[in-house]
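Protein chains: 2
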Amino acid sequence: MALIKISNLSKAYGDEYALKDLSLTIEENKIYGLLGRNGAGKTTLLNLITNRIFPTEGKVTIDGIDVASNEEIVDKIYFMTEKDLYPDSMRVNELFKWTKSFYPNFDMEYALELSKKFGINIKKKFKELSTGYSSISKIIVTLASGAEVLIFDEPVLGLDAHHREFFYKELIRNYTEEPKTIILSTHIIEEISSILEGVIIVKDKNILKNDDVENILSNSYTVSGLSKKVDEYIKDKNCINVESMANFKAATIMEKLSKEEKELISKLELEVSKVELQKLFIYLTGEEECK
Amino acid sequence: MALIKISNLSKAYGDEYALKDLSLTIEENKIYGLLGRNGAGKTTLLNLITNRIFPTEGKVTIDGIDVASNEEIVDKIYFMTEKDLYPDSMRVNELFKWTKSFYPNFDMEYALELSKKFGINIKKKFKELSTGYSSISKIIVTLASGAEVLIFDEPVLGLDAHHREFFYKELIRNYTEEPKTIILSTHIIEEISSILEGVIIVKDKNILKNDDVENILSNSYTVSGLSKKVDEYIKDKNCINVESMANFKAATIMEKLSKEEKELISKLELEVSKVELQKLFIYLTGEEECK
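In order, the protein sequences belong to chains A and B. FYI, in our numbering the residues of the first sequence are 3 to 293. FYI, in our numbering the residues of the second sequence are 3 to 293.
Treat each hint with caution, since some may be false.
Given that identical chains are not distinguished, each listed pair holds provided it fits within a single copy or across any two copies.
Below are the SDA-like pairs computed for lysine to any residue, each with C-alpha atoms no more than 25 Å apart in a straight line [as the list claims (entries may be wrong)]:
1. LYS207 / LEU131
2. LYS61 / PHE250
3. LYS269 / ASP206
4. LYS129 / ASP17
5. LYS231 / TYR34
6. LYS129 / ARG54
7. LYS118 / GLY288
8. LYS276 / SER195
9. LYS207 / GLY121
10. LYS127 / TYR88
11. LYS281 / GLU245
12. LYS211 / SER117
13. LYS276 / SER229
14. LYS230 / LEU259
15. LYS126 / VAL277
16. LYS125 / ASN53
17. LYS129 / LEU87
18. LYS211 / GLN280
19. LYS118 / GLU291
20. LYS7 / HIS164
21. LYS207 / ASP238
22. LYS7 / ASP68
Note that these hints are calculated values from the structure, not bench results. Since the model is a prediction, treat every value here as computed from it, not as a measurement.
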């Protein structure tokens, strides 16, 4: 059990709020994507959940227990951070042992097996690793941690396409074998869209969306065709993006596509198509208006 | 003019070769993708081209002049490295000024305009920047450098999807306005495949492929269907990957798809489809065999 509840959470640095009055429930045994623009506050949110920094207002509970009042509850979570917290001179195999001292369920055999499969030299020191292999070493520790909640912050930074594919497959294998809560904070959205169940989008210091990927994708579509007809179609719709080229236009709508709508689109001689998650993210978090 | 010729280039560290007997011509005014797995030697190659490290054997010339004998010829190139070479305490606007002292054609106005568009605070020090904004500051300096050859090593590291899209668009705009040679070394292949003209793949200490993207993509295809029939079809083909599921198979072939082949595929009741560049890269640089 590891139900994470975030209630009216705010974090300010001086006068500036990084997150403001944010509430969110992270369900158990689900794979989430945590999405947001550079600087949106994703890492701040993850640091608050894991009690690495303290909220200005509000609280985070795991299974009903406030993380600020009980350090041990946070041990249910393993948080792979983008910044390294270990000394540069530590070797990868020393990191494994070091982690086992904090996470007794750490699976050393699994960590060594993954090291082989990723092709990492575990005798190397951190400071000798490239960006890609530094990410790989942290991925391995997180997967093998034995924690009930795994949080990955930018896990695929510097990983080549092979390594990314292997990571995604291994993540699913690990999750299928022993369901757990997984939170992936990443900018490489399209590649992970098929493995996510839930999506949490952070924008303007708060949660913009918290929904199942399936729901999000099935509640959006793009219509394209002659500008005049697209304009006519979208005028009373929840349009989130428009692209124009000569006298053609493509508009993305954030609504369910009903049978009546399909008929109307066909009557107007417009085309309809699906939207990819990464595109949807760009439209939802962008500043541009539908004109 | 900036024609880069690499002749029988080798680089060894102790007994271990990072690159061996590599020859390559990089044509002018073309956009190249430099692809390779983690640790394949891409950065070593770029460091040799820009005379930051010295070859064990062979040489690199720019417009016929050996880069090792003439430091100034290297000034035709601006190389955005993954590792930071500037002091941590330098501010972004100081980096602009510093670059202008080495690259007299550095366009300060353009750098400031890009800074605004990317939303970076140029008064910040490097050490205060996140991975994404650190990449952005280096992208700006490279684009504004005024050099004839721009080399980007992992430019989109940590960039959100908006920023990546803006970078790709700006790169094309910059190139269209003033054609130059651009080399992009990146692991996020699929997103850039549409902007590349040439692809250079590094594998086993040498060049595996150096060809136009169009050629590569039009000389490959995937056939899928019943395993037995796929096996029959591929037995005398240059197969580079096979995926199986129950009694179905998909095989990717690295050959031109002729009219006769199309007829044969249709006779065998197989489906044919195109291959994406990132997938092709994975197949070509992988260790797996076609079975």
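Going through the hints against the structure:
{"no.": "1", "hint": "LYS207 / LEU131", "in the structure": "between (34 Å within a copy, 19 Å between copies)"}
{"no.": "2", "hint": "LYS61 / PHE250", "in the structure": "neither (49 Å within a copy, 52 Å between copies)"}
{"no.": "3", "hint": "LYS269 / ASP206", "in the structure": "neither (39 Å within a copy, 57 Å between copies)"}
{"no.": "4", "hint": "LYS129 / ASP17", "in the structure": "between (36 Å within a copy, 22 Å between copies)"}
{"no.": "5", "hint": "LYS231 / TYR34", "in the structure": "neither (38 Å within a copy, 40 Å between copies)"}
{"no.": "6", "hint": "LYS129 / ARG54", "in the structure": "both (24 Å within a copy, 21 Å between copies)"}
{"no.": "7", "hint": "LYS118 / GLY288", "in the structure": "between (41 Å within a copy, 16 Å between copies)"}
{"no.": "8", "hint": "LYS276 / SER195", "in the structure": "both (14 Å within a copy, 21 Å between copies)"}
{"no.": "9", "hint": "LYS207 / GLY121", "in the structure": "between (39 Å within a copy, 17 Å between copies)"}
{"no.": "10", "hint": "LYS127 / TYR88", "in the structure": "both (11 Å within a copy, 23 Å between copies)"}
{"no.": "11", "hint": "LYS281 / GLU245", "in the structure": "within (12 Å within a copy, 29 Å between copies)"}
{"no.": "12", "hint": "LYS211 / SER117", "in the structure": "neither (36 Å within a copy, 29 Å between copies)"}
{"no.": "13", "hint": "LYS276 / SER229", "in the structure": "within (19 Å within a copy, 31 Å between copies)"}
{"no.": "14", "hint": "LYS230 / LEU259", "in the structure": "within (21 Å within a copy, 41 Å between copies)"}
{"no.": "15", "hint": "LYS126 / VAL277", "in the structure": "neither (43 Å within a copy, 37 Å between copies)"}
{"no.": "16", "hint": "LYS125 / ASN53", "in the structure": "neither (31 Å within a copy, 31 Å between copies)"}
{"no.": "17", "hint": "LYS129 / LEU87", "in the structure": "both (12 Å within a copy, 16 Å between copies)"}
{"no.": "18", "hint": "LYS211 / GLN280", "in the structure": "within (14 Å within a copy, 30 Å between copies)"}
{"no.": "19", "hint": "LYS118 / GLU291", "in the structure": "between (49 Å within a copy, 19 Å between copies)"}
{"no.": "20", "hint": "LYS7 / HIS164", "in the structure": "neither (36 Å within a copy, 30 Å between copies)"}
{"no.": "21", "hint": "LYS207 / ASP238", "in the structure": "neither (29 Å within a copy, 59 Å between copies)"}
{"no.": "22", "hint": "LYS7 / ASP68", "in the structure": "within (9 Å within a copy, 63 Å between copies)"}
This entry does not satisfy hints 2, 3, 5, 12, 15, 16, 20 and 21, going by the numbered hints stated previously.
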